[in-house]
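Novice: Quick note, the sequences are listed as chains H, Z and S, same order. So in the numbering used here, spot 184 of the first sequence is number 184, and the numbers just go up one at a time. So in the numbering used here, spot 85 of the second sequence is number 85, and the numbers just go up one at a time. So in the numbering used here, spot 225 of the third sequence is number 225, and the numbers just go up one at a time.
Worth flagging that the hints you see were computed from the coordinates, not collected in a lab. Some hints here could point you the wrong way.
[Said to hold, decoys possible] Listed next, with one range per pair, are the computed distances between beta-carbon atoms:
1) Z:K207 - S:F61: 38 to 44 Å
2) Z:F212 - S:S45: 19 to 25 Å
3) Z:W177 - S:S143: 46 to 52 Å
4) Z:I18 - H:E140: 43 to 49 Å
Don't be surprised by glycine CBs; every beta carbon is placed ideally from N, CA and C.
Read off the chains here:
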Amino acid sequence: MIITKDLTKKFVSYKKEEGMKGAFNSFFKREAVEKFAVDHFDLNIEQGEIIGLLGPNGAGKTTLMKMLTGIIVPSSGTVEIAGHSPWKREKDFRKKIALVMGQKSQLWWDIPSIDSFKLLQKYYEIPDARYNEKINMMGELLNVKDLFHVHVRKLSLGERMKLELMASLLHDPQVLFLDEPTIGLDLVAQENIRQFLKDYHAQHNTTIVLTSHYMADVQALCPHLVLISGGKKSYDGSLEKFENILGHKKSVYFTFNQCIDKTDDFWKTQDVLFSENCDEVELKLDDHEIREVSAAILNKFPVVDFHTEKMPIEKVMKKIMENPEILSGV
Amino acid sequence: MKLFSETKHYLSVYRKFISTSVSEATSFRTSFILMIFMDIFFFLSAILTVDFIYDHVATIGSWKRPQLMFFISFMLTVDHLHMLLLSHNFWRFSDDLKSGNLDFTLLRPLSSIFIVFFRYFKPSSIPNSFISTGTLIYFGMQNGFGPTQWILLPFLVILAFILLALLEFIISCAMFWLVEGLGINFLRMQMQQLSRWPDFIYGYFTKKLLTFGVPVLLIGSGPVHFLLDINNWPYLLGMIVSCIGCFYFLIFLWNRGLNHYDSASS
Amino acid sequence: MNNLQKWVQTIKISWKRYTAYRLNFFLQIIGPSLIFFFIKYNLWSSIYSGEEGLVIKGYDFNQMITYHIWSFVVAQIAQGHTALNLSIDIRMGRISSYLIYPFNFWEFHTASFLGFQILQLGITCLSMTVFSLLGILPDFTLSGMLYGISACLYVSLFWYALQYFTGMLAFWLEETWILRVILQVITVFLSGAVIPLELFPEAVRSVLEYTPFPYLTYYPIKIFMGAPVDMLNFYGVITIWLAIFTAINSYLWKRGIRLYTAAGM
């Protein structure tokens, strides 16, 4: 469905000098700086997949997205989406895709969203019956029917995002690009959006490319992950494999009501990390050990709290951002 | 058949453009009223400038008061169409380029030129339609126009408007290559200023350049020379040729611009 | 002393902002005046070439061109500034930062204005050099030049107050550019920038004497041209108008800021 080969985008910017003299100098002479936002990127995504595109700020996620949607033209390399080259921007291609950006709105600010929807209906030549059906179906699913006639500028961010999603799905796109769709939303609103995307995907089998800084989005939606850093691909594989990059063992945390004895024999056989004031420990355990070892600790020490980590992916991402070499072995 | 359905598609989109623009504009009432005044002040200052000059001289170039007043009202009518249908869009275009909001426009399955330049209709200019059309007819009568001229007049207004629009779209393409496109709008307005005076006020070289090079003087001087004397038909031919040439040049330049478009945030 | 440094730093930053987009600066500030002058030069050449030795209300061809060259200089120094940034600050809710900074909103914008004026003075000197190289710079005396420039600088303060006024209305209006365009269109016409006020019908002229418009362009040009202008009257009238608009602006700011903090924009 989506195939890229050696996809590259190069940006040229100009250096600016500081101060009055600098402003004066750069008025006449500027120094050009080249930057590879996306650097020889290969990607292969199947029809109906949901992939999570991850990477730190400025890694090239958005540039990649914009090349995939045909908004910007690649410097070199090839892209093919549903049989089209996006940068040619053929009408048929544009009818097959949709883009949602968490930071930008495609709804017109000063008019009610229903007017924007009707305009989009005309843009995409959606038959009235199909349009009404879609509006009703999604309006109900997202619980936003009461908001259609409210001016967009008066909506909350969460409400607006739901309507943005609706707007981009009206024409039944085959490929949906989501650029940080949950950014800035509260936890409940994030969960709503995720649930909606899950349901929608289950019904329509739309190919979805998602970028997000919230690992909860990725964990909930994307079985397939692609990691980009410095414009290059650094990981491409399953979520499960990604979570296990730092090893198969799970982290389990115990908190005690007082400082405990680090030298106790019990700890000697374990892979363990103590907190500074020794009232907390982190243990790395295999799945089958968890039950047994936990029971032993609960019996032996004054435990007040214990938990396993909820999102191993978050930890992996953090470790990779701090130390990108981890991936070189994968 | 395909052309027919395409036209229908574009018309249906344009109807929505109008209705959304009206609903947007009328929600800001003070601005709406001020814009009506803006149009009227502009109109009055243009007309009165020429009127005051003719209090002191009999002719400017070869034209007496009725001819030049007709020219001014012709240009004001073309400017009025420009105000009504296009003016807002150029400013939004430079904003959208800077903010990256052009992204969504590029995704739509319609010509991006169409969406960029025809998206905002300016309903506050409607009242001025009556004033400018009325003035145009009044000075047409002062020049003793016959049936041929009256029939030709509306077509020439539209042709002049098309040429003006094409030239302005071409200039706006420069915004693709600049980080801050606002200045291009000022360049565009300066070009419009040049076209608001008859071609004979300019020196030989300027006149040739602005007629054959960048045909801004054809916008007003072309049709008015032709209307005042049908023997001046080469002006009309020049306008038609310019429109066709500009159209193809625009398409070429626009596509180059889109290829260069970097989108605001990477 | 400390405050002075804040002003100096703000002026420097405003220079940097104005020159950041150099083409833009040229197209927006200098270009329009040049084209405007070019059109007027052509127009009046065409009018005067129609009749040998034509004199209109005391202006022969050379005097008319002289009038418009000084009109260019006056427009550059006295009416170059716009309050665009100011109204954007208000509209975008960027006022909050000024409420926190130990530097007032009006101080920030006035410093930017001063920075702009210094830049404009430099550009005007440059354009006058170009005019003189082209051989169209009118004769002037040093004292005439100094009187003219100081008159322009004083007028620019009043122009700034007018622009500030349009900016202040951003508290109540969504778009203030409409007001600025109206102000621009009316000023260009009624201040004598296109045709000298002598050419206006007598009735219109006598009404204009009661408005600030002739003081914006017509009188400064006359001062440059060495015509006898009642300086006391000139500075007196501008001072009165300046005082009126400063009072209005400070009143609007007080009302606006209350609205702003109340709405929690």
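Novice: For every hint, state whether the structure bears it out.
Specialist: Consistency of the hints with the structure:
The hint said 38 to 44 Å for the Cβ distance between K207 (chain Z) and F61 (chain S), and at roughly 20 Å that hint is violated. Between F212 (chain Z) and S45 (chain S), the C-beta spacing of about 21 Å keeps the proposed range 19 to 25 Å intact. A beta carbon spacing of about 48 Å between W177 (chain Z) and S143 (chain S) agrees with the range 46 to 52 Å that was offered as a hint. Remark: the range hint 43 to 49 Å for I18 (chain Z) to E140 (chain H) is contradicted by a beta-carbon distance near 31 Å.
Hint compliance for this structure: hints 1 and 4 are not met, and every other hint is.
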